[in-house]
Amino acid sequence: MIFDFLQANWFEIVAALLAVAYLLLAMIQDVRCWVAWIISSLMYLFVMYSAGLYMEALLQIFYIFIGFYGLYQWRFMSDLKETLRISTWSVKNHFIVIAILIFLTFVSGCILTIFTAAASPFVDAFTTWGAIVASYLVAKKILENWFYWFVIDFVSVFLFISRELYPTALLFLVYLVLVVFGYRTWSKSWQHADEPN
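Okay, so the sequence shown: first residue is 0 according to numbering that gives the first Met the number 0, each after it adds one.
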């Protein structure tokens, strides 16, 4: 009975709306984005598990923890020292992270294939590990997080359609548009921060 309630279509829609609220607030660097993130992730934990996307379900647990980490980084750390500013990573850092991402995707996909009945194990693994990397970059305010999210969100659209999670697939289509605006907003903020007063 409770599980049927959590599988209700409106439950997924509310989770998706909170996820949109997170992204809109993150675009303007509003710390409340992490509250929306945490609640949405908790709801999506049940949505993904019920759809057989086990890596995505585990990802939601990580999201909850990274939500509190992001809240700490953006709010409480800013009270202790100067405000966390947008920064960039070197090409070398990205190369290393992408290599690790490919390796983890392959290993996780193999494990899911052998030991579970997971749907789309390699795609599920890719979007999960990619989202973990991108989430960390958001928490640290690394500008390139938006590039990672664009690729992950694009792949996720097809993953969620394959599992008939249509509200979530629509959410990720919206994400693709918002990610572009998010990058532009953060890029302008980063460029202005480097300008002399």
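Hint data in this document are derived by calculation from the structure and do not stem from the laboratory.
All residues carry an ideal CB built from backbone N, CA and C; glycine is no exception.
Please note that the accuracy of each hint is not assured.
[Claimed, not checked] Label pairs and their in silico Cβ distance ranges:
{"no.": "1", "residue 1": "V173", "residue 2": "F102", "range": "20 to 26 Å"}
{"no.": "2", "residue 1": "A116", "residue 2": "F67", "range": "29 to 35 Å"}
{"no.": "3", "residue 1": "K91", "residue 2": "F121", "range": "22 to 28 Å"}
{"no.": "4", "residue 1": "F64", "residue 2": "I101", "range": "40 to 46 Å"}
{"no.": "5", "residue 1": "N8", "residue 2": "I95", "range": "37 to 43 Å"}
{"no.": "6", "residue 1": "L83", "residue 2": "L169", "range": "29 to 35 Å"}
{"no.": "7", "residue 1": "I27", "residue 2": "F153", "range": "31 to 37 Å"}
{"no.": "8", "residue 1": "K139", "residue 2": "T112", "range": "31 to 37 Å"}
[To be verified] Below, a list of computed lysine-lysine pairs in the BS3-like style, where the Cα atoms sit at most 30 Å apart:
{"no.": "9", "residue 1": "K139", "residue 2": "K187"}
{"no.": "10", "residue 1": "K91", "residue 2": "K139"}
{"no.": "11", "residue 1": "K91", "residue 2": "K187"}
K139 and K187: Cα distance at most 30 Å?
At roughly 17 Å apart (the allowed maximum being 30 Å), K187 and K139 satisfy the hint.
Just to be sure I understand the hint, the distance between the Cβ atoms of A116 and F67 should be within 29 to 35 Å; is that true here?
32 Å, holds
At the C-beta level, are I27 and F153 separated by a distance inside 31 to 37 Å?
Since I27 and F153 have Cβ atoms about 24 Å apart, the given range 31 to 37 Å is violated.
With 29 to 35 Å as the target window, see if L83 and L169 comply at their CB atoms.
32 Å, holds
C-beta pair F64, I101: status relative to the range 40 to 46 Å that was hinted
At 24 Å between Cβs, range violated.
Verdict for K139, T112 (Cβ pair) under range 31 to 37 Å
33 Å, holds
Given the hint of 37 to 43 Å, is the C-beta distance from N8 to I95 inside that range or not?
Once the Cβ atoms are compared, 41 Å apart, the range 37 to 43 Å for I95 and N8 holds.
Cβ separation of K91 and F121, checked against the hinted range 22 to 28 Å:
Since the Cβ atoms of K91 and F121 sit about 27 Å apart, the hinted range of 22 to 28 Å holds.
Cβ distance range 20 to 26 Å for V173 and F102, holds or violated:
With a Cβ separation near 31 Å, V173 and F102 fall outside 20 to 26 Å, so the hint is violated.
Are the Cα positions of K91 and K139 separated by 30 Å at most?
The given pair, whose Cα atoms are some 18 Å apart, holds under the 30 Å limit.
Assess, step by step, whether the Cα of K91 is no farther than 30 Å from the Cα of K187, and give holds or violated.
Holds - the C-alpha atoms of K187 and K91 are around 24 Å apart, at most 30 Å.
Against the hints set out earlier in the document, violations occur for numbers 1, 4, 7.
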